[in-house]
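Each chain, written out:
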Amino acid sequence: DQQVKQNSPSLSVQEGRISILNCDYTNSMFDYFLWYKKYPAEGPTFLISISSIKDKNEDGRFTVFLNKSAKHLSLHIVPSQPGDSAVYFCAASASRLNYGGSQGNLIFGKGTKLSVKP
Amino acid sequence: DTGVSQNPRHKITKRGQNVTFRCDPISEHNRLYWYRQTLGQGPEFLTYFQNEAQLEKSRLLSDRFSAERPKGSFSTLEIQRTEQGDSAMYLCASSLGDPTNEKLFFGSGTQLSVL
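Protein chains in written order, with this note's numbering: chain A, 6 to 123; chain B, 15 to 129.
In short, the hints are calculated from the structure, not lab data. Ideal placement from N, C-alpha and C gives every residue a C-beta, glycine not left out. Treat the hints with caution; some may be incorrect.
Under the rule of at most 35 Å between Cα atoms (straight-line distance), these lysine-lysine pairs were calculated in the DSBU-like manner [unchecked claim]:
| # | chain 1 | residue 1 | chain 2 | residue 2 |
| --- | --- | --- | --- | --- |
| 1 | B | Lys71 | A | Lys43 |
| 2 | A | Lys43 | B | Lys28 |
| 3 | A | Lys76 | A | Lys61 |
| 4 | A | Lys118 | B | Lys85 |
| 5 | A | Lys76 | A | Lys122 |
Some chain A residues well away from chain B (every beta-carbon gap over 12 Å; in silico) [said to hold, decoys possible]:
| # | residue |
| --- | --- |
| 6 | His77 |
| 7 | Gly116 |
| 8 | Lys122 |
Label-pair restraints from in silico Cβ distances [said to hold, decoys possible]:
| # | chain 1 | residue 1 | chain 2 | residue 2 | range |
| --- | --- | --- | --- | --- | --- |
| 9 | B | Ser87 | A | Gln19 | 27 to 33 Å |
| 10 | A | Ser17 | B | Glu92 | 25 to 31 Å |
| 11 | A | His81 | B | Asn32 | 31 to 37 Å |
| 12 | B | Gly99 | A | Gln86 | 36 to 42 Å |
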């Protein structure tokens with residue numbers, strides 16, 4: 006069973022508009038959430054993270070929202086740019102369950118392919 | 015380049031052969047992770063090291079897989095008696111292990127094809 010779900014395999018957005026990528030999770034023990042971006046033939050690149058004690062974190066054009074009661078998080082990209090076109094992965098960690106409190110034992114979703122059209 | 019380096023980038027092998035991959039993490043990072051990614055899936059955690067100690071292993075890591083990190087620097091992942099199901103991208107990541115805000119930096123991966 007998938008503990009982290011990204012139900013939209015793809016998303017197409019016009020340049021300059023907002024991109025909203027969604028992620029749902031099932032494990033209430035998750036306490037740390039991240040978004041990664043991946044280009045073809047490269048490893049995932051860290052974008053933004055959020056701890057379960059917060060409900061919002063912002064970094065430039067990227068904002069992550071966490072709704073713990075709904076077990077849902079979303080990534081907003083404003084404004085979207087053609088260079089944002091990539092696969093976006095949502096990931097979660099239950100650090101309290103991991104040896105040494107590691108937040109790096111991540112459970113990833115299957116990804117959403119974002120296409121930003123000029 | 016001061017990022018995470020993985021070698022080789024691609025490996026083609028025949029079923030039953032042994033393969034070894036190498037990962038050089040960012041130099042000051044004390045934690046090192048191995049993940050595996052298959053087509054259409056997100057990366058899956060395999061194992062992690064803090065310095066030279068292997069602290070956690072996933073149930074995905076069968077006894078044909080072994081990972082080492084001698085002296086807490088580079089790491090190797092060996093797969094013995096490869097099977098076609100081992101075909102995947104093997105990703106290495108490293109981090110400083112900040113306990114409240116850990117960020118993993120991934121390498122470009124080693125793509126393994128088992129024929």
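Checked hints:
no. : hint                            : verdict
1   : B:Lys71 <-> A:Lys43             : holds (25 Å)
2   : A:Lys43 <-> B:Lys28             : holds (29 Å)
3   : A:Lys76 <-> A:Lys61             : holds (14 Å)
4   : A:Lys118 <-> B:Lys85            : violated (39 Å)
5   : A:Lys76 <-> A:Lys122            : holds (31 Å)
6   : His77                           : holds (17 Å)
7   : Gly116                          : violated (6 Å)
8   : Lys122                          : holds (23 Å)
9   : B:Ser87 <-> A:Gln19: 27 to 33 Å : violated (47 Å)
10  : A:Ser17 <-> B:Glu92: 25 to 31 Å : violated (42 Å)
11  : A:His81 <-> B:Asn32: 31 to 37 Å : violated (46 Å)
12  : B:Gly99 <-> A:Gln86: 36 to 42 Å : holds (39 Å)
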